[in-house]
Amino acid sequence: MAMAAQRQGGWWLLILPAFLLMTAFYVTPILQVLAISFTEPQPGLQNYERLFTSESVQRVIVTTLRICTITTVLALLLGYVLSYKIALADERARRWWILAVLVPLWISVLVRAFAWVTLLRRQGLVNETLMGAGLIQEPLALVWNEFGIIVGMVHYMVPYAVLPMLASMREIDPRLLAAARGLGAPRGTVFFRVFLPLSLPGLIAAGVLVFIFSLGFYITPAILGGGKTLMVAEWIGLQILDLIRWGLGTMMATMLVVTILVTLAIFSRVVNLRRVFGSGA
Amino acid sequence: MDGAHRPGRFATVSAWTVAIYLVLPITIILPVSMTDQRFLSLPKEALSLRHYATVLGSAEWLGSIVQSFWIALASTLLAVVAGTLCAIGCWRISRRSTDLIRGLMLLPIIIPSIVYAVGLYRYFARLGLLDSFLGVVIAHGVTGIPYVVITVATALAAFDPRLEQAARGMGASLGQTLRWVILPRIAPGIASGAIFAFIHSWDELVIVLFIASRDVFTLPRRIWDGINENLDPAMAAVAVLLVVFTVLLLLLDMALRRRRDAA
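Protein sequences appear in the order of chains A and B.
Count the first sequence with our numbering and you get residues 1 to 281, in order.
Count the second sequence with our numbering and you get residues 1001 to 1263, in order.
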């Protein structure tokens, strides 16, 4: 017994460095954020009162929820189409399709935001092309507003939507689809009655993932929103760095973390984070 | 006809459209970076490499590139050592408590970096780690651990635990078992984890915005300032260099994977 315990002890030692690092340099700073939201400027719940009394706080929350919902719906739609094609492609083609998903996933978010600015700004390539073709007289406002944020965020989120959906679609037995076709079901029926229901768990997992990732997004909204449309993350940064209102900033940060963890807890049965990343990474 | 169900024309066209939406905007930076103009635009008369020359001849840009590289290297080392050992420990013990620990290790992926950055700003101020190389390495290393834990755990799932038991049974110490039995088997998984941890640090901006200011000025930080202050084609040149570098790392990862799958 003692021997067995000692052996186990050795394995526990392996976990120790990561555990200590994580506790000292990750969990503690985060807990501190939660604590500050209750203690500054004075101890109490006055920061949380602002959720109900401050119009600017409410506006930020509503804007964030609206943008995240639109982003999630669009990313799911685009991601679903892509996953469907990839899941049913043959081995060789599939590799190229997956590359088209993975390369954008790993390319710097800054580079991608910069590319969108280049395309969408007033003298950008899209506006110049449209004006050159005589389709519009005045440049369209495509960026530094909510539209620009959504274009950039959906672009960022589609790969994250594809990975869980693809994992679940690849578990669908292709013989089921062939059988349905063989029994005379038209293509649409096969899709809506067989494929779609079977891919639903992946769809839900992708939705949860994209939504919680969108909630805390900082860089893309900051660059493509141009400071006019504020989402939660940028608003928190503003409170801390520019306005030095720690209480308010950390209150919102706490709300953000709580919302994300509660959402994950609710959907923990369908969302297996490790599998999501294990399949794509 | 082989009877397999294939996507219809509508699905195929839509999938191509989405793929183009994903890839095309990124490729646009290549022609823009080679413009002969002084402002952000497509080349008008000739292709020019002068914006690349501007970047590669600038002490500021080069300084940031070098600094980012060392930070990424050091934090990758930290993440790989801690993450690999942790994944092995969790895999071998495999109880409810280790499931919790694995969950804990995933937190940096789930919790938005803005929350961590705000917390760290306060925390590091007290420890005197603000705007220091060490501070950024710790922050990037800790947030890089999840990538390593995930890839190593995936590699371990395919590893037969009886090999380890056999080694221990024949009297190998824990260190010997690790060194000669486990690590060689999961080396490709560790390499993947290292590549992703490196990319994570190399691209990371939000944390750096809060905990670094003058002495530590990484490449993403300089790009961020560039986008916010002056949009010139030199930015596109930097972006292209960054994309090339990331794609090279991903290709390396794919090659490693193919070797592992073939083995």
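Bear in mind the hints are in silico, worked out from the structure with no lab data behind them.
Because the structure is a prediction, the values reported are computed rather than measured.
Hints may contain errors.
[Said to hold, decoys possible] Estimated spans, in silico, between C-beta atoms of each pair:
no.: 1; chain 1: A; residue 1: R269; chain 2: B; residue 2: V1181; range: 34 to 40 Å
no.: 2; chain 1: A; residue 1: R193; chain 2: B; residue 2: W1180; range: 29 to 35 Å
no.: 3; chain 1: A; residue 1: R193; chain 2: B; residue 2: L1134; range: 32 to 38 Å
no.: 4; chain 1: A; residue 1: S54; chain 2: B; residue 2: E1229; range: 16 to 22 Å
no.: 5; chain 1: B; residue 1: G1128; chain 2: A; residue 2: L77; range: 46 to 52 Å
[What the hints assert, rightly or not] Derived lysine to aspartate or glutamate pairs resembling DMTMM-like cross-links, with alpha carbons at most 20 Å apart:
no.: 6; chain 1: B; residue 1: K1044; chain 2: B; residue 2: D1261
no.: 7; chain 1: A; residue 1: K228; chain 2: A; residue 2: E146
no.: 8; chain 1: B; residue 1: K1044; chain 2: A; residue 2: E128
no.: 9; chain 1: A; residue 1: K228; chain 2: A; residue 2: D242
no.: 10; chain 1: A; residue 1: K228; chain 2: A; residue 2: E55
no.: 11; chain 1: A; residue 1: K228; chain 2: B; residue 2: D1225
no.: 12; chain 1: A; residue 1: K228; chain 2: B; residue 2: E1229
For each residue, glycine too, the CB sits at the ideal point set by N, CA and C.
- Item | Pair hint outcome, B:K1044 versus B:D1261 [Cα-Cα no greater than 20 Å] | At roughly 47 Å apart (the allowed maximum being 20 Å), B:D1261 and B:K1044 break the hint.
- Message: Can you confirm whether the C-alpha distance between A:K228 and A:E146 stays at or below 20 Å?
- Response: Holds, because 9 Å separates the two Cα atoms, which is no more than 20 Å.
- Message: Range first: 16 to 22 Å. Now tell me if the beta carbons of A:S54 and B:E1229 are that far apart.
- Response: violated (32 Å)
- Task: Could you see if the CB distance from A:R193 to B:L1134 stays within 32 to 38 Å?
- Result: Hint violated: Cβ distance 59 Å, outside 32 to 38 Å.
- Would you check the hint for A:K228 and B:E1229, treating anything up to 20 Å between C-alpha atoms as holding? OK: A:K228 and B:E1229 at ~16 Å, within 20 Å.
- Given the hint of 29 to 35 Å, check if A:R193 and B:W1180 actually sit that far apart at their C-beta atoms. Violated - the Cβ-Cβ distance for A:R193 and B:W1180, about 54 Å, lies outside 29 to 35 Å.
- Item | Holds or violated: A:K228 to A:E55, with C-alpha atoms at most 20 Å apart | Cα-Cα ~16 Å, so holds.
- Query: Does 34 to 40 Å hold as the CB distance between A:R269 and B:V1181, or does it fail?
  - Reply: Given about 36 Å between the Cβ atoms, the range holds.
- Message: Checking one constraint from the list: CA of A:K228 to CA of A:D242, max 20 Å. Satisfied?
- Response: holds (16 Å)
- Compare the distance between the alpha carbons of B:K1044 and A:E128 with 20 Å, and conclude whether the hinted pair is satisfied. holds (13 Å)
- Would you check the hint for A:K228 and B:D1225, treating anything up to 20 Å between C-alpha atoms as holding? holds (18 Å)
- Query: Would you say the C-beta atoms of B:G1128 and A:L77 sit inside 46 to 52 Å of each other?
  - Reply: holds (49 Å)
In this structure, the hints that do not hold are numbers 2, 3, 4, 6, in rising order.
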